[in-house]
Structure formats: C-alpha cells, structure tokens
Amino acid sequence: MIDITQERLAELKSKGFLFMKDKEHFVVRIILPAGMATSDELKKISYLAEKYAEGKAVVTVRLNVEIPGIKYENVEPMMKEMEELGIVYGGTNCGVRPLVCCKGTVCKFGLVDTQKLCKELHDEFFEVPLPHKFKINITGCPNNCAKVQLNDLAFMGAPRNTLRVFVGGRFGRQSIIGEEICKIPYENARDVSRVCCGFFNKYGKSKQRFGDLLVEMKDTEEYVKFIEDIKAFAVQ
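Mapping of the sequence shown onto UniProt numbering: residues 1 to 236, in sequence order.
Hints were generated in silico from the structure; no laboratory data involved. Hints are supplied without guarantee of correctness; some may be wrong.
Claimed, not checked - Listed below are the simulated PhoX-like cross-link pairs for lysine-lysine, each with C-alpha atoms no more than 25 Å apart in a straight line:
#1 Lys21 / Lys207
#2 Lys133 / Lys13
#3 Lys15 / Lys183
#4 Lys218 / Lys133
To be verified - Quick list of the computed label-pair ranges, beta carbon to beta carbon:
#5 Lys116 / Lys15: 27 to 33 Å
#6 Asn143 / Glu73: 44 to 50 Å
#7 Asp191 / Ile4: 31 to 37 Å
#8 Glu81 / Asp219: 48 to 54 Å
#9 Glu83 / Ser39: 19 to 25 Å
#10 Cys94 / Asp229: 20 to 26 Å
#11 Ser46 / Glu73: 19 to 25 Å
#12 Gly172 / Lys231: 27 to 33 Å
Glycine included, every Cβ here is placed at the ideal spot set by N, Cα and C.
Throw the hints in and build the complete structure from the sequences for me.
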C-alpha cells in the first residue's frame, strides 16, 4: 500500500481520482456529456490510458469512462495534461453527478430529443454543489431504458414533446421508487431542475440523499410548496 493520508485520498476523490482496491493505484473518471464522445476525444482518452495507466478504459453504468491503473506519481501530471487536452474529469463530489440519458434522440421509440436535453442540463447543473450526490436521468419513452424512477430527479419522454417528472428515487442498499409529479413541456426541464436543486440546497442536511429529505418533509408546508412549484410548469 502506498503511503498517503486519508485527507489526500479524499481530496483526490473529490477531483475524480478514486483509490483502487489494490491500495496502489487510482482510477480516474472522465465525463462524457450525454454519454457521447467525438472520435478525437476517444483518441485522447486512449492516449491518456497508454501514457499514464495500463492502456485500458472502462465505460461506466452512467455512461462515462474510467481509466484504471494510474500510479500515484502519475496523478498530477495526468491532471495537467487532461486539462491541456480539454478532457473533463471529476463528478465524484457532493453535488449534481454526471447526467444520464438513453439514445432517444435516434431511437425509433424516442418521443423527445434526450441527448440535447441532457447536454443542456449538464451545461447548467453538472457539479452544482448540494448537500449530497444528486443524480438526474432522462429517458425518451415509457420503455424506460434509463430506469429513471431510481434517480433523484428524472424526466420521461411523452407525446407532443412533453416530459413526465419523477422525484426522490434512489438505488443501492436502500432503494426508493421516485414519485411521478406531473407532465411538463420539454422546454421547462431546466426550470424544474432549478426548483429541485434549490429545495435540496435549502433544506437538505450534509450527506442526506434527496429522496430521504422528501420522505422526512412529506406533508410539511415546505414540501407542499415544493410540489406546487414543480406543478406550476405542468402542461395545461
């Protein structure tokens, strides 16, 4: 095991470098907005994996890329070169995590442009600080390939360029199925995202998940107003 403090490990984790189970190497998380990368970006990722790690890259469940097998002495040089190359890394701190969408933009079942919406929300909300991790998912139709009800905030494509809104879901050791609130116009997804992030920032405790906060505050005046604020954007 390398000689490194817990404080340094926490600092690196917040920047996207996670300590591997071998206690010798790190894995870096590279962000692909809407799960997409250009051929040039893929070449850069391949170059980085060859130069600083073991020549391997892994696609994550949330459609980003991780490069494992990075020695500690390569961490800082790799950070510097990624910044020079325009490769974004991170998404591992308390705040909005990398957003996920299905391929509804090109899928024959897609009812909305999922990749466009995901990129727009990513540009505004990715890594916005919050009390704990906050996951946003988008799926293009009721087939629900993105399993949206298992995320803090989610949108499901519906006919006539509308979105069904779900809040408070989570998945893991303790799972919560998100509650469907209403249907909104496609263009109001950012407004609803602002409402949810604002509520979480105002009332959430450090390390408290959004779904747990909603359960805790259910039926309070603040919760009722939160739901009303979302429904203010509902399709009439």
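Each hint, compared with the structure:
| no. | hint | verdict |
| --- | --- | --- |
| 1 | Lys21 / Lys207 | 23 Å, holds |
| 2 | Lys133 / Lys13 | 13 Å, holds |
| 3 | Lys15 / Lys183 | 36 Å, violated |
| 4 | Lys218 / Lys133 | 20 Å, holds |
| 5 | Lys116 / Lys15: 27 to 33 Å | 29 Å, holds |
| 6 | Asn143 / Glu73: 44 to 50 Å | 47 Å, holds |
| 7 | Asp191 / Ile4: 31 to 37 Å | 43 Å, violated |
| 8 | Glu81 / Asp219: 48 to 54 Å | 52 Å, holds |
| 9 | Glu83 / Ser39: 19 to 25 Å | 21 Å, holds |
| 10 | Cys94 / Asp229: 20 to 26 Å | 23 Å, holds |
| 11 | Ser46 / Glu73: 19 to 25 Å | 21 Å, holds |
| 12 | Gly172 / Lys231: 27 to 33 Å | 29 Å, holds |
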